[in-house]
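Asks: Read off the chains here:
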Amino acid sequence: MVNVTTQGLPAQAAQAKAAQAAQAKALAPAERALSMIGGDLTEKSLKLHLEGLAGVDAVGLEQRAAALGTRSIKTTSKAWALDTIIELIDLTTLEGADTPGKIRSLVAKAVNPDPSDATTPRVAAVCVYGDMVPHAVSALGGAWSGGTGSGINVAAVATAFPSGRASLAVKIADTSEAVASGADEIDMVIDRGAFLAGNFGLVFDQIVAVKEACRRSDGSFAHLKVILETGELNTYDNVRRASWLAILAGGDFIKTSTGKVSPAATLPVTLLMLEVVRDWHRLTGERIGVKPAGGIRTSKDAIKYLVTVAETVGEEWLSPHLFRFGASSLLNDVLLQRQKMTTGRYSGPDYVTMD
Amino acid sequence: MTDREKPAPSRFLDYAPAPESTSILHLKPSYGLFIDGEFVDGHGAPFTTISPATEQPIAEIANADSSDVDVAVAAARSAYTRTWSRLSGADRGKYLFRIARLVQERARELSVAESLDNGKPIRESRDVDVPLVAAWFFYYAGWADKLDYAGLGPNPRSLGVAAQVIPWNFPLLMLAWKVAPALAAGNTVVIKPAETTPLSALIFAEILQQADLPAGVVNIITGAGNTGEALVNHPDVNKVAFTGSTAVGRAIAKSVAGTGKKVTLELGGKAANIVFDDAPIDQAIEGIVNGIFFNQGHVCCAGSRLLVQENIHEDVVDRLKSRLMTLRLGDPLDKNTDIGAINSREQLERIRQLSDIGEKEGADRWTAPCKIPDKGFWFAPTIFDNVSTSSTIAREEVFGPVLSVLTFRTPAEAIAKANNTPYGLSAGIWSDKGSKILAVADGLRAGVIWANTFNRFDPASPFGGFKESGYGREGGRHGLAAYLESAGWASPQAISTTGSTSRKKATS
Chain A
1 MVNVTTQGLP AQAAQAKAAQ AAQAKALAPA ERALSMIGGD LTEKSLKLHL EGLAGVDAVG
61 LEQRAAALGT RSIKTTSKAW ALDTIIELID LTTLEGADTP GKIRSLVAKA VNPDPSDATT
121 PRVAAVCVYG DMVPHAVSAL GGAWSGGTGS GINVAAVATA FPSGRASLAV KIADTSEAVA
181 SGADEIDMVI DRGAFLAGNF GLVFDQIVAV KEACRRSDGS FAHLKVILET GELNTYDNVR
241 RASWLAILAG GDFIKTSTGK VSPAATLPVT LLMLEVVRDW HRLTGERIGV KPAGGIRTSK
301 DAIKYLVTVA ETVGEEWLSP HLFRFGASSL LNDVLLQRQK MTTGRYSGPD YVTMD
Chain B
1 MTDREKPAPS RFLDYAPAPE STSILHLKPS YGLFIDGEFV DGHGAPFTTI SPATEQPIAE
61 IANADSSDVD VAVAAARSAY TRTWSRLSGA DRGKYLFRIA RLVQERAREL SVAESLDNGK
121 PIRESRDVDV PLVAAWFFYY AGWADKLDYA GLGPNPRSLG VAAQVIPWNF PLLMLAWKVA
181 PALAAGNTVV IKPAETTPLS ALIFAEILQQ ADLPAGVVNI ITGAGNTGEA LVNHPDVNKV
241 AFTGSTAVGR AIAKSVAGTG KKVTLELGGK AANIVFDDAP IDQAIEGIVN GIFFNQGHVC
301 CAGSRLLVQE NIHEDVVDRL KSRLMTLRLG DPLDKNTDIG AINSREQLER IRQLSDIGEK
361 EGADRWTAPC KIPDKGFWFA PTIFDNVSTS STIAREEVFG PVLSVLTFRT PAEAIAKANN
421 TPYGLSAGIW SDKGSKILAV ADGLRAGVIW ANTFNRFDPA SPFGGFKESG YGREGGRHGL
481 AAYLESAGWA SPQAISTTGS TSRKKATS
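Residue numbers (full-length UniProt numbering), protein chains in the order written: chain A, 1 to 355; chain B, 1 to 508.
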């Protein structure tokens with residue numbers, strides 16, 4: 001009995017001390033977090049900041065999203081919306097079965113979405129696995145933006161996508177390799193396990209490290225999109241905290257999902273992330289991008305997102321450097337709607353090309 | 001330019017017009033009074049109902065004088081004694097279910113008529129008013145054969161003929177609130193819609209014909225205040241139900257005093273919408289907007305006084321203003337319109353007058369930058385900041401899109417300020433902390449309290465006020481009880497009828 005207490009106490013005290021030390025541990029000095037939270041950037045100060053954010057009422061949020069979904073976008077507004085949707089698409093293939101041939105076919109679709117109508121705009125980017133980046137770059141050829149800002153970007157998913165369950169070294173290697181092969185944009189996943197366990201500092205430090213790995217040899221950076229995988233975070237309060245965390249750590253974009261977990265992007269989640277981005281802009285004047293990904297398959301749905309963006313953060317966000325759709329089948333539905341607006345008739349899936 | 005060429009709209013947010021078609025309406029040039037199942041001419045001078053958005057006439061409407069009121073009440077009395085009170089609850093329910101389904105079938109037509117005549121956005125009449133009308137009839141249809149469970153003991157009795165006078169803010173919905181429980185309980189009805197919004201009630205009369213409701217069970221008479229007065233004061237009505245202003249409600253209470261008529265009054269309000277510093281802020285902003293700008297603020301339970309905790313006052317007002325700039329004011333029939341027209345010139349004048357007083361009394365006025373159409377009656381969403389509790393706009397019901405912002409420091413002060421009004425119809429509380437919501441709700445003297453939401457209605461929930469907001473409840477079981485009286489738990493009739501039912505069961 002006596003032995004147990006004498007042995008138990010120091011062990012507990014040591015544990016408590018270790019926990020305290022972890023709380024006090026300084027985090028990577030990301031610029032935004034330093035200016036928002038202050039010089040004493042620690043796990044504890046980050047946690048206090050994130051937990052001090054206003055809560056989200058789920059019923060109210062979903063009601064607002066549903067109300068935005070009732071906007072009726074017709075005629076000239078619809079035509080503009082359809083073209084804008086195409087310009088905002090990250091045309092995506094993320095399959096284990098991806099081959100160089102599949103990537104070439106995807107790129108051909110990105111460059112020339114509708115061979116029957118030369119006025120069709122091109123998509124913003126193609127989004128592929130890291131090892132497919134060289135194939136995408138060579139297939140794009142002259143259409144590749146190559147960091148110039150005009151042309152089609154190549155986005156690569158990285159950091160042990162989609163689960164994010166790998167060591168930091170692996171995640172960094174994954175990222176730098178994609179950047180070195182020419183990726184203009186990196187879509188990283190956060191460590192949801194760490195986030196749900198309350199290790200906000202770990203999630204934060206990893207984003208900062210991946211951001212650093214996005215640095216090219218000339219000192220410029222590949223754009224960093226941070227995937228929150230909102231379907232696994234489960235609550236809107238978590239989504240709001242993770243969005244703030246990703247922005248504080250230096251993300252250029254916050255992205256809803258990998259597309260591998262259900263539910264993927266939903267309108268309420270996207271609305272919530274847009275509200276965070278709006279608040280960040282109100283506070284700092286800085287513009288952060290938002291990318292809903294997965295599950296947006298129809299023009300009708302995509303138009304609801306455009307309305308939500310325009311009425312939440314303002315329509316200047318309806319531009320490829322601030323808003324993207326992560327999608328594959330969406331493009332063909334938009335093309336069908338577009339053809340209908342030109343000809344007045346609905347055609348069918350045989351009148352748009354496979355990717 | 002074809003649709004295909006990418007237009008360069010100056011702004012995407014200037015959505016292209018998306019008007020709801022009026023071709024679904026088959027309006028007659030003139031409407032009579034609906035008495036004893038037929039449209040008949042009125043004996044008063046007919047009047048014209050106009051669209052408040054364009055000031056264009058819609059139709060000519062008959063005007064009921066006191067002789068018409070006599071005929072309508074007589075028709076309701078005869079239908080009560082000969083038909084309706086003799087039907088079983090299940091049969092009454094069948095008619096109500098039929099009406100509910102017909103309302104759903106003709107929902108688009110009713111929505112368009114409502115927006116045309118009232119000026120409210122089609123989005124609201126389509127998504128709120130008309131679906132709730134159907135819900136109300138479905139709900140009370142279910143009650144018709146279950147009156148024993150209305151809380152009044154076995155075999156509660158209907159009252160007889162109900163005289164009902166309704167306002168112009170939710171013309172068809174208020175009709176449903178009044179007619180559905182009255183019929184379910186076994187009463188017959190003479191109802192007078194508001195002078196400026198008779199159209200949807202007259203289309204509803206066509207629905208009653210379609211539903212084959214026995215003649216005289218519902219009579220709809222149109223006219224102005226004196227028609228309503230004649231109806232309410234008619235000696236052969238047993239029940240008076242009124243929704244409208246406190247001044248008229250007070251007059252009705254006086255006139256029916258001592259007559260033995262049962263009365264329910266649903267009058268004005270000056271609801272407090274209380275926002276604590278731990279509120280879910282984005283949803284609270286939406287709730288404030290929905291609380292006061294829904295239906296152009298023509299809502300008796302509108303959250304017209306925003307009580308916001310002082311430490312977040314500036315942030316809330318700031319966010320509110322940015323949000324209001326995205327509201328779209330204009331053609332009520334456009335599917336993207338958020339704020340429609342003010343119902344009448346008279347009401348517009350009253351809103352203007354009170355707003356001017358608010359400004360004179362020193363409150364800071366801010367108006368959303370909306371383009372106001374040339375014709376029709378319009379008032380842009382307006383906020384008055386730094387309003388004191390003694391200001392006229394914090395005490396009087398404006399009944400328009402005008403919000404007064406006041407601050408408080410503690411929950412106790414919030415409760416005291418919220419209750420500091422002659423009204424007591426509704427209130428809202430915004431906080432992420434459940435225990436605080438419950439504690440504050442306990443202290444509020446208001447009939448309806450919304451937590452983290454505002455202006456939500458359900459037929460199962462009773463609605464009504466404290467103090468000058470009136471008495472009696474509408475909706476739910478309580479709303480049913482307003483059209484019934486107890487047979488008495490131990491009355492011989494109650495005992496004998498229940499006794500006979502059980503004997504019948506035993507022998508069958």
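Be aware that a few hints might be false.
Taking beta-carbon pairs under 8 Å as the criterion, some of the chain B residues facing chain A (in silico) [as the list claims (entries may be wrong)]:
{"hint": "1", "residue": "11"}
{"hint": "2", "residue": "28"}
{"hint": "3", "residue": "123"}
It should be emphasised that the hints constitute simulated quantities derived from the structure, not laboratory data. The structure displayed is predicted, hence computed values, not measured ones. All C-beta atoms in this analysis are idealised placements derived from N, C-alpha and C, irrespective of residue type, glycine included.
Asks: Return the status of the interface hint for residue 123/B: holds when the least beta-carbon distance to chain A is below 8 Å, violated otherwise.
Replies: 6 Å, holds
Asks: Hint residue 11/B vs chain A: min CB-CB distance below 8 Å?
Replies: 6 Å, holds
Asks: Can you verify the interface hint for residue 28/B: is its Cβ closer than 8 Å to any Cβ in chain A?
Replies: Since chain A brings no Cβ nearer than about 29 Å to residue 28/B, farther than 8 Å, the hint is violated.
The structure is inconsistent with hint 2 alone, although it conforms to all the rest.
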